[in-house]
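Undergrad: Here the structure of chain A is known, so what remains is to put chain B in place on it, guided by the hints.
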Amino acid sequence: MKALITTVIFIVTIILFCTSCEVDVTNDLSIANSAPRLVVEGGLERNLNTPVTRQRIRLTTTRDFLNNDETVPLVEDAVVTVTDGNMAYDFSYSGNGVYTNTELIPELNTTYTLTVLWNDEEYEARETLTEVPAFDRVYSEFEEETLITDEGYFAKFDTTDPAGVANFYYHRVARNGAFIIVPDPGNSDVLVLSDEFFDGQKRVGVNPNDEILFALGDEATVQQLGISERYYNYLYEVFVQSSSGGFSFVGNPPPESVRGNVRNMTNSDNRPLGFFYTADVAEATFEITE
Amino acid sequence: MNQFKIAVCFGCLLFCGTLFAQQEFALSGYVQEASSSEKLFGVTLVFNGEIGTTTNAYGFYSVTLPEGEYSLEVGYLGFRTILQDITVSENEKRNFELVEETNQLDEVVVKSNRVTKAITSTEMSVATLKTETIKKIPSVLGEPDLVKSIQLLPGVSSVNEAASGFNVRGGSADQNLVLLDEATLYNASHLFGFFSVFNSDAIKDVKLYKGGIPSVYGGRLSSVLDVKQKEGNAKQFNGLASVGLISAKALVEGPIAKGEGAAGKGSYMVAGRRSYADVFTFLSSEFKDVKAYFYDLNMKANYELNENNRLYLSGYFGRDKFGIKGLVNTFWGNGSGTLRWTSVLSDKVFLQTSGIYSNYDYNLDNLRSGAEFRWKSVINNYNIKPRISWFINGNNTIKAGTDFTYYNFKPGQISPLEGSSVVPETFQENFALETGTYIDYQQKLSDKLSLQYGLRYSTFDRLGKAEVNEYETGNPLTYNAEQDSYIVNPVTGTTSYKSGETIKSYNAFEPRFSMRYLLTDNSSIKGSYNRMNQYLHLISNTTSATPLDVWAPSGRYLKPQSLDQYALGYFKNFKEGAYDLSLEGYYKDIRDVTDFKNGADLLFTESVETEFVQGKGRAYGMELQVNKNDGKLTGWLSYTLARSESKVLGINNNKYYPTNSDQLHELNAVGIYKLNDRWDFGANFVYGSGRPVTYPTGRYSQNGLVLADYSDRNGNRLPAYHRLDISATLNPKSGKNGKWTFGLVNAYGRQNASSIYFSEVGEVNDQEVATGQTQATKLSIFGFPLPSISYEFKF
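Chain order of the listed sequences is A and B. Note that my numbering numbers the first sequence so that position 34 is 34, with each residue one more than the last. Throughout, my numbering is defined as the position within the second sequence, counted from one, plus 1000.
With the rest of the complex left out, here is chain A (with noise of 0.2 Å):
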């Protein structure tokens, strides 16, 4: 809901450039950048309906950023540790930046600490696990154009939220079989939501993603993930940013970098970016029909 602000900013943004212009002046501006800093992506998955049989975590680091060459630095040296505060579990690197480990099953309720090592500095996150809710429902349906939609068939479904607790939910959306998420104003209300305002209720006609559309005789794959609020809140700061870009017009407080979860043990100045998250996850396969 909060991100219907967003929404509204952004229309007013569309105004605005009916009477201004836009520019790309990439090539004009030369820009200061940072030395490259650790980059974290991945986490702990438990899926009931395919149960992940390798956990991953990537590890890069940042870039310029208009460089727009296709090669990602990757970090392949890093010794990389999760345990849960028994056991200790070894990630292997496994090629492209990702380690992974096959022994993990992840556990509700239970703290996964990230350790890793990398040029001699300690990094370090936290996260607990917390159940999502199953699907009442999946199924799929045909909406009119609007001003922020366009015409086709969507995935959708029903669930209930559990009353009393505080729930977080992030959705992925898969056609054929391929995630797709797109940089869209609309990401930070629609991916990721916060059960505040519908707390205990049964809702109906949840739509996952409203960017991605369907053909009749696709496979629609959708998940629910059951999200720590404090990843809720890094995933927000992470579609904002990511499809405001740090446009200052709209960008009051001024655009920071997205603090994450990981922290540098050994040298706080060295700041890490990214987050290593742990999740539930509801998932349903269909086809879409009529």
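Simulated from the structure, these hints should not be mistaken for laboratory data. Possibly wrong hints are sitting among the right ones.
Unchecked claim - According to the in silico footprint, chain B covers these stretches of chain A (three or more CB under 8 Å from chain B):
id, segment
1, 21 to 27
2, 56 to 67
3, 133 to 140
4, 154 to 163
5, 231 to 243
6, 272 to 282
Since this is a predicted model, take the numbers as computed values, not measurements. Every residue gets a Cβ at the ideal spot worked out from N, C-alpha and C, and that includes glycine.
TA: Chain B in isolation, oriented as in the chain A frame:
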């Protein structure tokens, strides 16, 4: 203790020099405009070229003179000066009527005291603008705009073209006290900042204090914008209507209880303005579902109860509406009503008392199916402002009074619409009482030296009923240096306060001082100092004023902001006042300035204390202005050199960083050229060096989306800004009533950067996809010449 000393010193100063023992008589009365009986504010009365006084906001003056004969000059810029020989031998009431200077350019007029006020007044860092001037300045889409006009003055600017809020001497937009007939306005803009709420037809004059703010004003740090509405013509019925590209306006005015006399016992003025239904839809058919319009209504009436007592009633009501079918609907606006009573208690004592109600509210309806709700937020305030002015004699004037303001904030109320499953919720209401008790003393010590000094004692009590969160460490936030971020401390419980119970009290003495020393007959130096306290904080998600602004009162966790400003100036007239020059320097020291913590999120946040942090600020600068007051070409040229910085723990590595309104160089040129009786031309040129902006210093990706990493806040600069606007006015032939105004904003079509933003290319062939490609985009708000035309006629 320190404050006590200040109070004692002040008291001593106050009463020295007030003792006189001569045979003296008081001369008092009103000065008004001849054709309409509109009272004139700031008219100078000079006796034998020396002793002078000026009329107050109600056109009243009082001066005490030794018995004798005087040659009197009554002068006011834009009006013919009255020269009169008078004899003072008893207490006497004498009213004057001034006639407006018309088109006779070559007419010989007495100029001697036309602009001397700028030299002789103890006021500095002050600017006044009249509606006639504002109307001649080129404006966006031909809508004369007071707020945009004052931005052409040195030291006044805005963060971008679409921002109707303004920044004074590096201060933020919420640090301006905006008064319309003494009522506080909380949002001075229409349509997201494109236009200001002031209907130029209904405005008489406007006075802006950038510094040397006298003790009668308080509650904001940076400036006071005092706007007065027209009183209405007390002699005859008049009307004015105009049609422009954006809005249509009409104004009627006339006498009340006129009877057989030349002027009525009172007068009224009613003015309305409404923008055309769909401001944006004519631009493109894509916006057929978009509805955006505003309207406002200004009203004022006054009635003379008897020779010494008058009643004034004034009101303002404005509304904006912006909606998109099936998505969102918003409406918001200010409303205010002021009832004033002025009374001449004796020849020397003038009493004014105002009771004011002011309201600001906004409503936001989410119309997306399944989750329809209305969000409503309201500020109400009730004001009582008694003030007494005692014109002791020609050399000493005292003003004293108290302002009481009771606030009721309703920060948010969510209610479901159309039977949606949204759970209704109401955020806690906030109550507060603010008072300011002041005394202001104007004292002429010698022919050369004049002082104005005063003291304001302000208090702010945050009142119950309320539940206040208690945090684990006593503070809502703890700064973690290791992570360079703020951690919200856990809430350990709440403290309940009963209705009317004091939650937190603040109080402060605010000394004010200004002095003028005449170097020669046409040059002077001035110095001033003011301390200000601000108890309300604007929490805004954007740099421009939007309807979604939330005002938060100081309380347990949010401290008031305070400021000390020191200013020094040199003032000079040339060629008998045909030109005048002012040069001022200032330094401001600000405490507990508020800024957002990193990653602050303010919308729908009830406990705002966890979202922002307080630090210190400083601003300093120099302003040069040269006015040309005479001849076919009038106008001004001004240059400002300034800095504005903040330092807040946890922001920008705890180092000073430029504030959003920081601008090193600003150059303004305004010219109004009178070609002949029919044609007036206006032009203004603005140049400003680049404003601060934060560029990314690195990129990375998360969940398939490109993100930016940032280092220094406001560490980069946008390109410099410059723009030329021109206008032409075709005045009616004599006997005719129609007037045409043509304008061209951004005449040479400069694509000024309103912002430069960085993003991932998110669209290929009209399809939204994550491309992984980054780009930098410059946004210009008026990227091409913007023409306008409007027509005005009198009836």
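Undergrad: Taking each numbered hint in turn, which are not upheld by the structure, reported in ascending numerical order?
TA: Structure breaks hints 3 and 4.
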